[in-house]
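Engineer: From first to last, the protein sequence lines are chains A and B.
Going by numbering that gives the first Met the number 0, the first sequence opens with residue 0, and the numbers climb by one from there.
Going by numbering that gives the first Met the number 0, the second sequence opens with residue 0, and the numbers climb by one from there.
Each hint can be trusted.
Ranges between beta-carbon positions, derived for each pair: (1) A:266 <-> B:24: 51 to 59 angstroms; (2) B:136 <-> A:91: 51 to 59 angstroms; (3) A:349 <-> B:145: 34 to 42 angstroms; (4) A:89 <-> B:151: 43 to 51 angstroms.
Where chain B lies over chain A, by a calculated footprint (3+ residues, C-beta under 8 angstroms): (5) 198-211; (6) 238-244; (7) 272-281.
It is worth saying that the hints were derived from the structure and are not from the lab.
Cβ atoms here follow ideal geometry from the backbone N, Cα and C, with glycine treated the same way.
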Amino acid sequence: MTTEPVPDDPILEVSDLSVGFDGFDGYADVVSDVNLSVGPGEVVTIVGETGCGKSVTTKAITGLLEEPPAHVSGTVTFDGTDLSELSEEERAALNGDGIGMVFQDPMSSLNPVFELGEQLTDTAQFGGENPDGPLSYLRRRFSRDQRADARARARDLLEQVQMPDPEAAMESYPNELSGGMCQRALVAQALLNEPDLLIADEPGTALDVTIHDKILSLLSDLISDRGMSILMITHNLGVARELSDRIYIMYGGRIVESGTTTEIFEQPKHPYTQGLLASMPRLSDDSMGSGIDGSVPEYVDPPEGCRFHPRCPYADESCRSQEPPTVRFSQTASAECVRHAPDDLGPEPTMGETRQRLDAAVQPEEDSV
Amino acid sequence: MTAPLLAVDDLQKHFDTSGWFDNKPPVRAVDGVSFEINQGETLGLIGESGSGKSTIAKCIIGIHQATGGRIRFQGEEVTQQTDKQLKRIRSEMQMVFQDPTSCLNPRRTIRKTLHVPLKATGVSKNERDRRVEELLELVGLNDEYLHKYPHELSGGQKQRVNIARAISVEPSLLLLDEPTSALDVSVQAKIVTLLEQLQDELDLTYLFITHDLSLVRNFADQTAVMYLGEIQEYGDTVQIFEQPRHPYTRALMSAIPVTDKREQAYKPDDANVDGEIPSPQNVPSGCRLHPRCPHSTEQCAEERPTPCAVDSAEVRCLAYEEDASGFEGLRTQPSPVASDGSGSE
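Isolated chain A (complex conformation) (with noise of 0.2 angstroms):
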């Protein structure tokens, strides 16, 4: 478990956040222990694969998980309040205007029967509020100044986020836009009540990569602009390293390492880290690595100890026996290793090192899973 070095009034704060599922084979034990924290104007991005639990793990934050089946506890205090004592109009209330989000999927995230411009007006005018009733709904709904008040403003973020032609694109239904138009509609929607913290949910990886590079730099001139803080969700370690101030590095539902960018993409200090900058393919001439055997742990049944022992190339019995130990490096830099513990007599895992086990590991035999 890693205590968080938390930035001064961070404005959220994951404290010892654990979220499990009842299901057919068993209490599946998803994320836990998670620490996190945002600090005001930061952006800070959680990287881990498929199915490491970084997506369960905002939508706790959020509170967009259904109890049951889903099992939720610590605690999220945001700018201040803590979360599980809202109610559940409040915390609907907060979702849009404290904290806003933006989905992976431009294409399905959008309602397809509504035109565009129809969705962000509603947005714009009832986002995050808490209309007294359904008459004072109405009355708002039909009030004409109102609507294009509200229908004038998300024209404006819309020319902010740089969608061609937005008259045109306001009129038209999600269908009718590319992915890349879609996906910037969702950031103009997430922003358009000015949220605090911007929760971004891998933005742009269904679409091309110039596309993506454009979201990209949209989102970064955005945050710029409005000192707004961004906890973003990648599997991409080479999106972390143009956006982040910070970073977590996720597996099998615990945070394994955190630092700030430098750190982690100069000195990655956990096997898992560095065998994903391994992997990672290349420009340069250099050789990509060979990859990590075996996949992400079933979380029904999962590895006792370090959960990333299985594909570890440094593991051995003291991985399998014990909860790895937190060690710390810097002020904000630390990993959940048991090679990197004073105490330890096994070899200190390094970029190069992990690169040699792992390309010697790579013989064809079997897949451990």
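With chain A fixed as given, assemble chain B onto it according to the hints.
Structural biologist: Same frame as chain A, now just chain B:
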């Protein structure tokens, strides 16, 4: 020098979209594409979605019929395959698709799945089980997997089974259509390593289709960059990465998020392309990239560039034609690795 294993010459595939009453232009998915692959080599075919890269593979293997041009495989013309030819080339070339899950029959065990191609190519019944075990070993799985169903396997393992199935008929050419894009990076690296090993062991030839330019860097001998049905830049992989010429290649490279400073040096820093890929039903006049290109001039909108040789690469861009003017911005761009000095050892 022997004849190339696969030679594609001016390949065209237009999809007819006109109905009874309306007369819409055809979709020009592939429009005049030429390349060659020698035995034992790898050609990386790069492009964004909608650029026609999968259509090429499908034309080669006979899923689509080409509407123009020629495809020669092992010196034999296979553009309009006869049934007899099809039977022969299908055991000489195989395809691996992007989504490993939907390519496996969920009701068949791995053993049964791998038996099908063996049966079709006439391997005797008592031989088959032995072959299947050999194949699984080749792709790094053990016989534990024989009696499993696809849903019990992870994505990477399923893709290994797909590769095993493709090589089971002992092909000489594999068409790999984005075989790793549905997988995580650590697994993707594993599959690429496996493909490299198989190429060494079995003397395979690959057409590797992907949208990720960096993936072919250390894998492909030759690289072709496609945009809207045309190859824009084609040449030695090293050459293309160290000195990308075409504005589109440069834009693709500069859009890749990288993980360290040394890599950063390889990214050209001139402008990005604007907007999005147009519909192949309505291709722009002149150079197809011109509405998005940061270097475009009036000439680009009118004149369709032809591929011209620059060093060992072919570039389809007016800026590299002999009497080009107005492209100083592009032609004087320094090579991205020149400042680094470590690029061209």
